[in-house]
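Visitor: Listed here are the chains, written in short residue letters.
2 protein chains.
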Amino acid sequence: MSYLDRIRAANNHDPGNFLPFVVTGVRVGCVKAAFAETLARWPEVFRVDARGVTLAAELNSSKVPVAERTRAVGEVLQVLREEQLIDGWRDEHYPVNRSWTEAPYLLIERAAVPWFGVRGYGVHMNGFVRGADGLKMWIARRSLTKPTGPGKLDQMVAGGQPAGIGLYDNMMKECEEEAGIPLDIAKHARPVGAISYVLETKAGLRPDLIFNFDLELPQSFSPVNTDGEVEAFYLWPIERVAETVRDSDDFKFNCALVIIDFLLRQGHIAADDPHYPDIVEGLMARPAPLSD
Amino acid sequence: MSYLDRIRAANNHDPGNFLPFVVTGVRVGCVKAAFAETLARWPEVFRVDARGVTLAAELNSSKVPVAERTRAVGEVLQVLREEQLIDGWRDEHYPVNRSWTEAPYLLIERAAVPWFGVRGYGVHMNGFVRGADGLKMWIARRSLTKPTGPGKLDQMVAGGQPAGIGLYDNMMKECEEEAGIPLDIAKHARPVGAISYVLETKAGLRPDLIFNFDLELPQSFSPVNTDGEVEAFYLWPIERVAETVRDSDDFKFNCALVIIDFLLRQGHIAADDPHYPDIVEGLMARPAPLSD
Numbered sequence: 001m002s003y004l005d006r007i008r009a010a011n012n013h014d015p016g017n018f019l020p021f022v023v024t025g026v027r028v029g030c031v032k033a034a035f036a037e038t039l040a041r042w043p044e045v046f047r048v049d050a051r052g053v054t055l056a057a058e059l060n061s062s063k064v065p066v067a068e069r070t071r072a073v074g075e076v077l078q079v080l081r082e083e084q085l086i087d088g089w090r091d092e093h094y095p096v097n098r099s100w101t102e103a104p105y106l107l108i109e110r111a112a113v114p115w116f117g118v119r120g121y122g123v124h125m126n127g128f129v130r131g132a133d134g135l136k137m138w139i140a141r142r143s144l145t146k147p148t149g150p151g152k153l154d155q156m157v158a159g160g161q162p163a164g165i166g167l168y169d170n171m172m173k174e175c176e177e178e179a180g181i182p183l184d185i186a187k188h189a190r191p192v193g194a195i196s197y198v199l200e201t202k203a204g205l206r207p208d209l210i211f212n213f214d215l216e217l218p219q220s221f222s223p224v225n226t227d228g229e230v231e232a233f234y235l236w237p238i239e240r241v242a243e244t245v246r247d248s249d250d251f252k253f254n255c256a257l258v259i260i261d262f263l264l265r266q267g268h269i270a271a272d273d274p275h276y277p278d279i280v281e282g283l284m285a286r287p288a289p290l291s292d
Numbered sequence: 001m002s003y004l005d006r007i008r009a010a011n012n013h014d015p016g017n018f019l020p021f022v023v024t025g026v027r028v029g030c031v032k033a034a035f036a037e038t039l040a041r042w043p044e045v046f047r048v049d050a051r052g053v054t055l056a057a058e059l060n061s062s063k064v065p066v067a068e069r070t071r072a073v074g075e076v077l078q079v080l081r082e083e084q085l086i087d088g089w090r091d092e093h094y095p096v097n098r099s100w101t102e103a104p105y106l107l108i109e110r111a112a113v114p115w116f117g118v119r120g121y122g123v124h125m126n127g128f129v130r131g132a133d134g135l136k137m138w139i140a141r142r143s144l145t146k147p148t149g150p151g152k153l154d155q156m157v158a159g160g161q162p163a164g165i166g167l168y169d170n171m172m173k174e175c176e177e178e179a180g181i182p183l184d185i186a187k188h189a190r191p192v193g194a195i196s197y198v199l200e201t202k203a204g205l206r207p208d209l210i211f212n213f214d215l216e217l218p219q220s221f222s223p224v225n226t227d228g229e230v231e232a233f234y235l236w237p238i239e240r241v242a243e244t245v246r247d248s249d250d251f252k253f254n255c256a257l258v259i260i261d262f263l264l265r266q267g268h269i270a271a272d273d274p275h276y277p278d279i280v281e282g283l284m285a286r287p288a289p290l291s292d
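Chains as they are written, first to last, in my numbering: chain A, 1 to 292; chain B, 1 to 292.
For the record, the hints were derived by calculation from the structure and aren't laboratory data. Idealized CB from N, CA, C, for every residue including glycine. There may be inaccurate statements among the hints.
To be verified - Below 16 Å or equal to it, Euclidean Cα-Cα: the simulated EDC-like pairs (lysine to aspartate or glutamate) are:
#	chain 1	residue 1	chain 2	residue 2
1	A	146	A	184
2	B	146	B	87
3	A	187	B	273
4	B	187	B	177
5	A	152	A	231
6	A	187	B	272
7	A	146	A	91
8	B	152	B	249
9	B	32	B	5
10	A	152	A	250
11	B	187	A	273
12	A	146	A	177
13	B	187	A	272
14	B	146	B	231
15	A	173	B	177
16	A	173	A	184
17	B	173	A	272
18	B	146	B	49
Unchecked claim - Sample of chain B residues at the chain A side, in silico, Cβ under 10 Å:
#	residue
19	193
20	209
21	213
22	224
23	261
24	269
25	271
26	272
27	274
28	283
Isolated chain A (complex conformation) (with noise of 0.2 Å):
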């Protein structure tokens, strides 16, 4: 087991298995077969066809505004609910474009991104205390309640980025649901940069990026969760953060690799490691090209 492991597993995809979402000419994600004969129900929305999925000419025309795609997808996505075809319901709309920076296409439910291969946004946020017994870090046991990873080890503070809201907002108010960290507190967290992966789900596929932070908190704090998203904290030394992460599955596939960052940025993994040039490249992922 290695940290090698951790970042295969959040990289499994296989471009073969995925057709093309194009929305107004622009490739902005990409579906599995079976959601795009799934798609071909609603003609009157989406266009299916061997070359892959887009939207009914009368949406996809770039003068078409955003909210009317937006209505109009969001429509067949309540169906999709109802049918529990699409689960973990969160009721936030996501952006659907190819980049952070661009002027989003149509927004669509959270629960539906990785059905749509549409890059999602997160936050997450390294609590860390300094102490004579050296440096520790707070862990979360995400609520068994979670649709997505119950049960499972994550960062004290995390959350998805919805469309909106910034991510220094966004971050600060999840510092404040997640783990009752007050703002004069939360305010000196550090964004430090970001991990990127590409999961292939029974979905679909997830392209992420996650912008992590880092925040040193007083050894006097103790985190309290008040959403009901989170079962448990725990106070571990890094040391044992970094072997959970290393030998065991038990953190949230993404949350291991956004420790892994911070193992890295620590320098706790030494650039002789064999694997270390393939860590280091590991949390960079990029979608491989689809094979049309």
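We have chain A; now place chain B onto it with these hints.
Guide: Relative to chain A, chain B alone:
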């Protein structure tokens, strides 16, 4: 002027300008059309057609030893050196492969690497000093006789990563040669990840990965160059380093990105800076797929 300008300057390539370079059926790089035409002068070594460049059949079988491909291609490169097409000859062998861990298909002279659009690797070190007056960074000015970026600003220690030496050993060697840092100080250099970029040059493409190290130096230490590659060293407050990267192109293009990564990891770039997401992702660039 902004950090993003530095990232854009290092990621300027047009995939339409390149043809694939394929060895034993595996795409390992890409070449400009004019260079493909040049290589066509040696049909006993290269097979060139509209689809791209590969090796002649006798060299292209996977059974041919790496040394034989290396020798045959090396003879062509020597002629191109004598014709002064390939300049900046280094007499260092670089591996031709798709990733760090893959066994090389052949080795080529370092100066030829961009001509074949093969990934190059380097090791760069941020040397810094913490004092009562804040964080300072040692900066090098490159010798005016360097084949690339003469007179530009650089990390205190930086070098290419040739075949046949590990990252750590190479970093230690460069610390000694470039800045006279003795091993008992240099060994504390922390490997802290990497940056990548895809630069189109007149010669070809540089889809490079740079492994970054941080080294905190004692206030009493002053660097001394021993290999003639450094014109001068400066100890600058981090604010001046940041400003110079942001507001000028005085730093060599890839050294600027290494400093942006350092600033990011130190939390110097605010998460609500509108450029933040593109800066973060811009340091993880990958080549766009070729248009073949």
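Visitor: Next step is simple, just say for each hint if it's right about the structure.
Guide: Status of each hint after checking the structure:
Using a Cα cut-off of 16 Å, the hinted pair residue 146 of chain A and residue 184 of chain A is violated, with the two alpha carbons roughly 28 Å apart. At roughly 11 Å between alpha-carbon atoms, residue 146 of chain B and residue 87 of chain B fall within 16 Å of each other, so this suggested pair holds. Taking the CA atoms of residue 187 of chain A and residue 273 of chain B, the gap is about 15 Å. The hint holds against a cut of 16 Å. For a cut-off of 16 Å, the pair hint linking residue 187 of chain B to residue 177 of chain B stands: about 14 Å separates their Cα positions.
For the hint linking residue 152 of chain A to residue 231 of chain A, the alpha-carbon distance of about 10 Å falls within 16 Å, and the restraint holds. Of the supplied pair hints, the one linking residue 187 of chain A and residue 272 of chain B holds, its CA atoms being roughly 12 Å apart against a limit of 16 Å. Note on residue 146 of chain A and residue 91 of chain A: the hinted pairing holds, with a Cα-Cα distance of about 14 Å set against a maximum of 16 Å. In summary, the hint linking residue 152 of chain B to residue 249 of chain B is supported, as the alpha carbons are separated by about 9 Å, within the 16 Å threshold.
With a C-alpha separation of about 25 Å, the suggested pairing of residue 32 of chain B with residue 5 of chain B is violated against the 16 Å cut-off. For the proposed pair residue 152 of chain A and residue 250 of chain A, the alpha carbon gap of about 6 Å is at most 16 Å, so the pair holds. At roughly 15 Å between alpha-carbon atoms, residue 187 of chain B and residue 273 of chain A fall within 16 Å of each other, so this suggested pair holds. Of the supplied pair hints, the one linking residue 146 of chain A and residue 177 of chain A holds, its CA atoms being roughly 15 Å apart against a limit of 16 Å.
Taken as a hint, the residue 187 of chain B and residue 272 of chain A pair is honoured in the structure, with Cα atoms around 12 Å apart against an allowance of 16 Å. Taking the CA atoms of residue 146 of chain B and residue 231 of chain B, the gap is about 10 Å. The hint holds against a cut of 16 Å. The straight-line distance between the Cα atoms of residue 173 of chain A and residue 177 of chain B is roughly 49 Å, outside the 16 Å bound, and the hint therefore fails. Taking the CA atoms of residue 173 of chain A and residue 184 of chain A, the gap is near 12 Å; set against the 16 Å cutoff, the hint holds.
Proposed proximity of residue 173 of chain B and residue 272 of chain A is supported: the alpha carbons are some 14 Å apart, at most 16 Å. Distance check on the hinted pair: residue 146 of chain B and residue 49 of chain B sit about 35 Å apart at the alpha-carbon level, beyond 16 Å; violated. This hint holds: residue 193 of chain B has a C-beta 5 Å from the nearest C-beta of chain A, less than the 10 Å allowed. Restraint check, residue 209 of chain B versus chain A: the minimum CB separation of about 7 Å is within 10 Å; hint holds.
With its C-beta approaching chain A no nearer than about 7 Å, residue 213 of chain B sits inside the 10 Å limit, and its interface hint holds. Checking residue 224 of chain B against chain A: minimum C-beta separation of about 24 Å lies over 10 Å; hint violated. Restraint check, residue 261 of chain B versus chain A: the minimum CB separation of about 7 Å is within 10 Å; hint holds. Because the beta carbon of residue 269 of chain B sits about 7 Å from the nearest beta carbon in chain A, less than 10 Å, this interface hint is met.
This hint holds: residue 271 of chain B has a C-beta 4 Å from the nearest C-beta of chain A, less than the 10 Å allowed. Hint status for residue 272 of chain B relative to chain A: holds, with the closest Cβ pair at about 4 Å, below 10 Å. For residue 274 of chain B, the suggested interface contact is upheld, since its CB lies about 8 Å from the closest CB of chain A, less than 10 Å. Interface hint at residue 283 of chain B: satisfied, since its Cβ lies 7 Å from the closest Cβ of chain A, which is below the 10 Å cut-off.
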